[in-house]
Amino acid sequence: MNNLSKHALLHWSCLLATVAAPFLFPDFNTQLATLWLMIIVALTWDMTGGQMGYNSLGNIAFYGIGMYVAAVVTIGMVYDVGEYTNAFGGGVYKFTDAQYFTGMAVGVVAAGVFCALCALVIGYITFGLRGPYFAIGTLGVAIAAGELVSNWDWVGGGQGIALPVYPGDLDTGKIVFYFLFAATGLALFVFLKWLYQTRFGAAINAVRDDEEKAEAMGLHTLRYKLFTWAMAAFFVGVAGGISAFQLIHFEPLETAFQTINLGIFMVVCVLLGGKGTLWGPVVGAVLFHFFKEVTWTYLLGWQWVALGALIVVTVVYFQDGVMGYLMHRKPEWFGIRVEQRAAGNADTVTAVDGANSARAE
Amino acid sequence: MHILDINGVTKTFGGVVANHDISMTVERGSITGLIGPNGSGKTTLFNSIVGYHPIDAGSIRFQGKEISKLPVQQIARMGLLRTFQQTRIYGAMNGVENMLISLPHRKMRMWDSFSRNSREEYERADHLLEFVGLYEKRFLRSGDLSFGQQKLLEFAMALMNEPAGLLLDEPTAGINPTLINGLIDRLKRANSEFGITLFIIEHNMRVIMNMAEKIYCLAHGEMLAAGTPDEIQNDQLVIDAYLGAH
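Sequence order for the protein chains is A and B. Residue 222 in this note's numbering is what sits at position 222 of the first sequence, and the numbering runs on without skipping anything. Add 361 to a position in the second sequence, counting from 1, and you land on the number used in this note's numbering.
To be clear, the hints were calculated from the coordinates, so they are not data collected in a lab. Be a bit skeptical, because a hint or two may be false.
[To be verified] Each pair of labels, with its calculated beta carbon distance range:
(1) A:Glu212 x B:Ser553: 47 to 55 Å
(2) B:Arg550 x A:Leu117: 47 to 55 Å
(3) B:Arg550 x A:Leu9: 33 to 41 Å
(4) A:Pro132 x B:His581: 45 to 53 Å
[Claimed, not checked] Only part of the chain A face toward chain B is listed, based on derived beta-carbon distances under 7 Å:
(5) Thr18
(6) Ile143
(7) Pro164
(8) Ala187
(9) Phe189
(10) Val190
(11) Lys193
(12) Thr198
(13) Arg199
(14) Ala206
(15) Asp209
(16) Asp210
(17) Glu211
(18) Ala216
Predicted model, so just to flag it, every value in this text is computed and none were measured. All residues carry an ideal CB built from backbone N, CA and C; glycine is no exception.
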């Protein structure tokens, strides 16, 4: 079988598994939806962290902002947001099916767009920072965003927001949310597969490898960085918006701006799967989610210790992740060519140059 | 006509005067050399020209336009490039990818970046890689190439960018002596065939005397001498600066 049909087979079987999963494992629909959420946040984290060399610890901010924007838009289309959040627990606020689904559609898209705009603004300020300073700077942004929102009464303050429950059968609702996440994840994957093959992809790789060189060659480095982050933020925002409807009730610090949970998980997923590769974040998210659920179920009480151990082992012994390991071991699978070092490096240089000057003469 | 016009440039770092009142011109289409003992301020001058740091006084004009206040990227997009003493390439990408991302960005709009490279661009990349003798290695990860090969790749990337002027910081340093003749030949051809003005910092006297039409010599941040290779070779001040006069 040639390479092309092997790839096609792989892609089609993944697609088939995606569609069949909620029907094969109906008890795990919420888990599977969360898995897609992990894949989305891991893929978007890798856009800046893996492909562009900017390790952001603040991407979770877009998840939280996305949640709030989707909720506020949905509520705001029908009621006064301040009154709605103020009457927490009391008062009767009903949404018709039409209002619910219009709110969801508009809210989720608005969440993505608003997050992309936020990324442009925050990026303009923070992209002057390099290396660990960028990581800490963005982490600060995420923490500050959570604190600001939790003190903002109009959006419910520390109590958060409760959205209407999915109208209709709740099991159907679970499947709907699964497919919303899956569709977003698939769209993101296809988008990135295309993006990384364009000159844009090459440009952000250049920024990762040597930003100073990229500047010296006249690349619009800031523009590339801002666009990349905005695209990542769009998808995280959309995922946050869907989460808002899936979770029904969310509050700022533990759910929306959960810096120490999802904010770190997305980084671990990417490191585990392999930074700077298209499939790495996907593989990492699947492995990580599986590991997390197994330890949460069978090692309860020790789950955080197990998770910490996983992070330490990954960072210390397995930095390239699964895909990085495979690339190193089986470069031919990825179309990477490696020099045969039998003749010794210096000799090969001369040989190549000799051949070339012979041709020139 | 002058492509580069440097007038009274002074640059200090704290109390250290790296460049003091330097004036020089580079003729369009020429090969001009810049020599001087270690620490004489050559690389500082290059950095000032391409916009790495602001200058304290003086003016730098490229093709008649003042560039001393412009940022690095903008100067690069105007067509004035530099290569680095410590070679800089995109290590995780292969040779062809390194070349393709070095296409002139002054012509590229944001929208263009969302397309793939054209067949012509691939051919040009291959052609230039062949020109520097890296064609056989073009699909290797460039970070795995030897220092000399990386230097050649960096040179090819600069050519890919179609600059009007190219500043080369010690192009032959660290290169296997048997390859230097080939490199001199290629630099000369880049100048004559592609019409790129070259401004070269070089310590290897044989190389620079062989190539340059005009040479400037710096010492202790000041202009020491200027002239043709013959004049420079026989200038007592230059000889003293290099050998140490008493």
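Evaluation of the provided hints:
Glu212 (chain A) and Ser553 (chain B) have their C-beta atoms about 31 Å apart, which leaves the hinted 47 to 55 Å range violated. For the pair Arg550 (chain B) and Leu117 (chain A), the beta carbons lie near 50 Å from each other, so the given range of 47 to 55 Å is met. Restraint check, Arg550 (chain B) to Leu9 (chain A): a C-beta distance of roughly 49 Å breaks the suggested window 33 to 41 Å. In this structure, Pro132 (chain A) and His581 (chain B) break the distance hint of 45 to 53 Å, their C-beta atoms being roughly 38 Å apart.
The criterion of a C-beta within 7 Å of any C-beta in chain B is not met by Thr18 (chain A), whose closest approach is roughly 27 Å, and the hint is violated. Of the supplied interface hints, the one on Ile143 (chain A) is violated, with its beta-carbon coming no nearer than about 32 Å to a beta-carbon of chain B, more than 7 Å. Hint status for Pro164 (chain A) relative to chain B: violated, with the closest Cβ pair at about 39 Å, above 7 Å. About 16 Å separates the beta-carbon of Ala187 (chain A) from the nearest beta-carbon of chain B, more than 7 Å, and the hint is not met.
A least Cβ separation of about 17 Å between Phe189 (chain A) and chain B goes past the 7 Å threshold, and the interface hint is therefore violated. The beta carbon of Val190 (chain A) is not positioned within 7 Å of any beta carbon in chain B (closest approach about 15 Å), and the interface hint is therefore violated. At a threshold of 7 Å, the smallest CB-CB gap from Lys193 (chain A) to chain B is about 13 Å, leaving the interface hint violated. A hinted interface residue such as Thr198 (chain A) counts as satisfied when its beta carbon comes closer than 7 Å to some beta carbon of chain B; here the least separation is about 5 Å, so the hint holds.
Given hint, Arg199 (chain A) at the interface with chain B, holds; its Cβ is 5 Å from that chain's nearest Cβ, closer than 7 Å. Nearest Cβ of chain B to the Cβ of Ala206 (chain A): about 5 Å, under the 7 Å cut. The hint holds. For Asp209 (chain A), the suggested interface contact is upheld, since its CB lies about 4 Å from the closest CB of chain B, less than 7 Å. Proximity of Asp210 (chain A) to chain B holds as hinted, the smallest CB-CB distance being about 5 Å (cut-off 7 Å).
Given the 7 Å rule on beta carbons, the hint for Glu211 (chain A) is violated: about 10 Å separates it from the nearest Cβ of chain B. Contact between Ala216 (chain A) and chain B, as hinted, is supported at the beta carbon level, the nearest pair being about 6 Å apart and thus within 7 Å.
In this structure, the hints that do not hold are numbers 1, 3, 4, 5, 6, 7, 8, 9, 10, 11, 17, in rising order.
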